[in-house]
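Enquirer: So you can see what is in the structure, the chains are spelled out below.
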Amino acid sequence: MKMALRHVFVLLVCAFAVFPILFVVSAAINPMGTLASTDLLPTGASLGNVADLLTSDTYPFARWFFNSVFIALVSSFAALLLSMFAAYAFSRMRFAGRRVGMLALLLIQMFPQFLAIVTIFMIFTEVTELYPAFGFNTVWGLLLLYLGGALGVNTWLMKGFLDTVPKELDEAATMDGATHAQIFWRVIMPLVTPILAVTALLAFIGTMSEFLMANVFLRDPESKTLAVGMYGMIAGDHRNANFGMFASATLITAIPTVGVFLWLQKYIVSGLTAGAVKG
Amino acid sequence: MAVDVREAARAQGPGRPRREITTAFVVSRIAVLAVAAAILLYAVPPLIAAGSWVPLGVLAAASAAIAYLYLTRRFVAAKYLIPGTVFLLAFQVFPVVYTVTTAFTNFGDGHRGDKAAAVEAIQTGSVRQAPGSPEYTMTAALRGEELVFLLVDPATKQVSLGSAEGLSRLDGARLGATGKVLSAPGVSVLTAPQAAARGQEISALAVPTAGGLIKANGLSRAVEGKATLVYDAACDCVRGNGDTWTADESQGYFVNARGEHLAQGWQVNVGLDNFLRVLTNPTISGYFAGVLGWNLVFALASVLGCFALGMSAALALHHPRMRGTRVYRIVLILPYAMPAFAMLLVWRDMFNRDFGLINQLLGTEIDWLGGTMTARFGVILVNLWLGFPYMFLVTTGALQAIPRELTEAAAIDGATPWRAFRRVTLPLLLVALTPLLISAFAFNFNNYNAIALTTEGGPFPADSPQVGGTDLLITYTFRLAFGAGGAQFGFAAAISVFIFAIVAVISAVAFRRSRKQEEIYA
Chain V
94 MKMALRHVFV LLVCAFAVFP ILFVVSAAIN PMGTLASTDL LPTGASLGNV
144 ADLLTSDTYP FARWFFNSVF IALVSSFAAL LLSMFAAYAF SRMRFAGRRV
194 GMLALLLIQM FPQFLAIVTI FMIFTEVTEL YPAFGFNTVW GLLLLYLGGA
244 LGVNTWLMKG FLDTVPKELD EAATMDGATH AQIFWRVIMP LVTPILAVTA
294 LLAFIGTMSE FLMANVFLRD PESKTLAVGM YGMIAGDHRN ANFGMFASAT
344 LITAIPTVGV FLWLQKYIVS GLTAGAVKG
Chain X
-15 MAVDVREAAR AQGPGRPRRE ITTAFVVSRI AVLAVAAAIL LYAVPPLIAA
35 GSWVPLGVLA AASAAIAYLY LTRRFVAAKY LIPGTVFLLA FQVFPVVYTV
85 TTAFTNFGDG HRGDKAAAVE AIQTGSVRQA PGSPEYTMTA ALRGEELVFL
135 LVDPATKQVS LGSAEGLSRL DGARLGATGK VLSAPGVSVL TAPQAAARGQ
185 EISALAVPTA GGLIKANGLS RAVEGKATLV YDAACDCVRG NGDTWTADES
235 QGYFVNARGE HLAQGWQVNV GLDNFLRVLT NPTISGYFAG VLGWNLVFAL
285 ASVLGCFALG MSAALALHHP RMRGTRVYRI VLILPYAMPA FAMLLVWRDM
335 FNRDFGLINQ LLGTEIDWLG GTMTARFGVI LVNLWLGFPY MFLVTTGALQ
385 AIPRELTEAA AIDGATPWRA FRRVTLPLLL VALTPLLISA FAFNFNNYNA
435 IALTTEGGPF PADSPQVGGT DLLITYTFRL AFGAGGAQFG FAAAISVFIF
485 AIVAVISAVA FRRSRKQEEI YA
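Chains as they are written, first to last, in the numbering used here: chain V, 94 to 372; chain X, -15 to 506.
A couple of the hints might just be wrong.
Unchecked claim - Here are a few chain X residues that face chain V, going by a calculated C-beta distance under 10 Å:
hint, residue
1, S12
2, I14
3, A15
4, L31
5, K63
6, Y64
7, P67
8, I186
9, A324
10, R337
11, A424
12, L437
Don't read these hints as lab results, they were simulated from the structure. Even glycine gets a Cβ: it sits at the ideal position worked out from N, Cα and C.
Using the sequences provided together with the hints, build the complete structure.
Expert: Here it is as structure tokens:
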């Protein structure tokens, strides 16, 4: 009986979660391809919108897709490593400014970002002149910029997890003569794969839908990410006409994320486990 | 804070076994040096070429510090903190600090550069064709990478070359039938489309002459003109057109006797003026309380709503005999996997009165985003949809870290499930999740996208078009700072400082409270 109640509740939440997505699916396979003609349940099925999207000359969708996945994979991997280094120091070492450093990481995130964009624009105007390879319209410049956010709330998550890994393990390794680097790579890293999987997913999702910075940074159609490119797709008076294409693009964008989630799921459940609570 | 055993052992030194020099040790040091050298080799030449000595100095000092850090055996914690911190400093801390410093200036449209640039802009902007001066036939050309004008005097057919340095005689040019230059030694002539593509550069180039300036008029004519406004260093003023504008260093403008100023100004320090303006300007302070109130409601409702829904779903699935949890988890995570900005736009269209999905499903004709209360409800609902999967994910994990024995013990002691949740599970969850909740609060407090992509701050009442029903402080100030009046970065920066202070204070209070909780429960 109580089990049934649980199922009913979860099904209700699932319905809430799914119905806007159903609408997007319906728009994506709607043969008319316009917003006004879209209902919750599809009135017809065709892959015309997807075909339009992939063959479009105005919107190099495949290129955007590649850019987004590449940036998201590289930047979440690099951010993970940087964040893990910092979490290791915060969790295992005692040094002046440890608490202040942790707090500062949270505080910096609280500053309204949109104004910082003015400064970032000025920084990268200089960088573009000096080092075109890392300037505007380049993947590498945007990657550098994203690494600025590597330390943040994810570092807190990882530090919380590390606190639950027994200290005796690295003390034993120290006794055996291991250096701090050996402890980090050989003892700690294998034990923290779960939280790495979680933060990897969070970072991947965050980068895939990042819009504000990328919109300032990427102007050239070939260099755009999905978020920037798709926004342009329904900007202005294209809103109604391109809605089917936009919906297909939205669904295709979700595929890599769901893929990463399925791949990481087996780590995630046990990973968040210890992640947050101190044992 | 107690120093742990390992640290104490290290401090005593001699007791520690002597570490042998391994291959990995040597290889890693060589790798560090090689990477540092490669970065320097790449980064230094352009800086030298541009003569940017200050960045060069910073780069050299930073490289030296990093090389030392990784070659020495001391400062172990710093070795792990520096890689992330370098990026943090460059792309987050520096922009924030710079923004805060602009809050004390009048940086914005009309006040972008320094005074010399303003004087230059005023003088070149005031150039009018001098009476009786010739109208040259102009051909744009490139000398190397530099744009130059080839000017043909209509009377003498003499060709001159005009650049930003001045005018010089040019012999050996071949003229076409229209009087334009077809080719000339030492320069490559631009074709009409090429010239059109460089239209902005062409209209910006001013060739100084003895009595004034030669400027392009279109793409094939150039006229000599005189600046009607001239800067006089002796009185620190601009004269011309029968008036005098004196420099006012407190405003960053040239002002005349009637108090009018020239459009072009320069950046000056205005002290606390921007901050005072936020507090005293009636349009801003009049609405501030109302916007702040709704902003708090929005952020709290978003965080608590997402947390409550996400946690309920996680609790419902958290049972050993629950079936289908894998499938449920995937479905519940779907909203989080969809690109947020796209779904915000989709939600906006679902709320549309005429063809929106919500009205279709409910059979109503409500103008959801047109009324203040329904619009507020709408944006909170959208934010709930976007945010609850994250809370579901993190609570799912945190729940599994709470030993089942604790809740079982509570049940054996006769606690109802609700009491066991309230007294055991929830406090343990909160200890773990408070930092995430606080950061979610800060994020939603400044959630620009959630408003800008759905209601754009609207609906706006007819009598006060400045502030809309769903405006957050950040969307409201964004419009104030970059809206109709032109960009006012300095003023916007001052408002950001206020917003930051509000969020930081609320977060600090929440943190203190959670710390107390942690002492009790953990």
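Enquirer: Give a verdict on every hint.
Expert: Each hint tested on the structure:
At a threshold of 10 Å, the smallest CB-CB gap from X/S12 to chain V is about 7 Å, leaving the interface hint in force. Nearest Cβ of chain V to the Cβ of X/I14: about 15 Å, over the 10 Å cut. The hint is violated. The beta carbon of X/A15 is not positioned within 10 Å of any beta carbon in chain V (closest approach about 12 Å), and the interface hint is therefore violated. A least Cβ separation of about 7 Å between X/L31 and chain V falls short of the 10 Å threshold, and the interface hint therefore holds.
The criterion of a C-beta within 10 Å of any C-beta in chain V is met by X/K63, whose closest approach is roughly 8 Å, and the hint holds. Of the supplied interface hints, the one on X/Y64 holds, with its beta-carbon coming within about 4 Å of a beta-carbon of chain V, less than 10 Å. Contact between X/P67 and chain V, as hinted, is supported at the beta carbon level, the nearest pair being about 5 Å apart and thus within 10 Å. Given hint, X/I186 at the interface with chain V, is violated; its Cβ is 21 Å from that chain's nearest Cβ, farther than 10 Å.
A cut of 10 Å between beta carbons decides the hint on X/A324: the least distance to chain V is about 5 Å, and the hint holds. The beta carbon of X/R337 comes no nearer than 13 Å to any beta carbon in chain V, farther than 10 Å, and the hint placing it at the interface is violated. Because the smallest distance between the Cβ of X/A424 and any Cβ of chain V comes to about 9 Å, under 10 Å, the interface hint for this residue holds. Restraint check, X/L437 versus chain V: the minimum CB separation of about 9 Å is within 10 Å; hint holds.
This entry does not satisfy hints 2, 3, 8, 10, going by the numbered hints stated previously.
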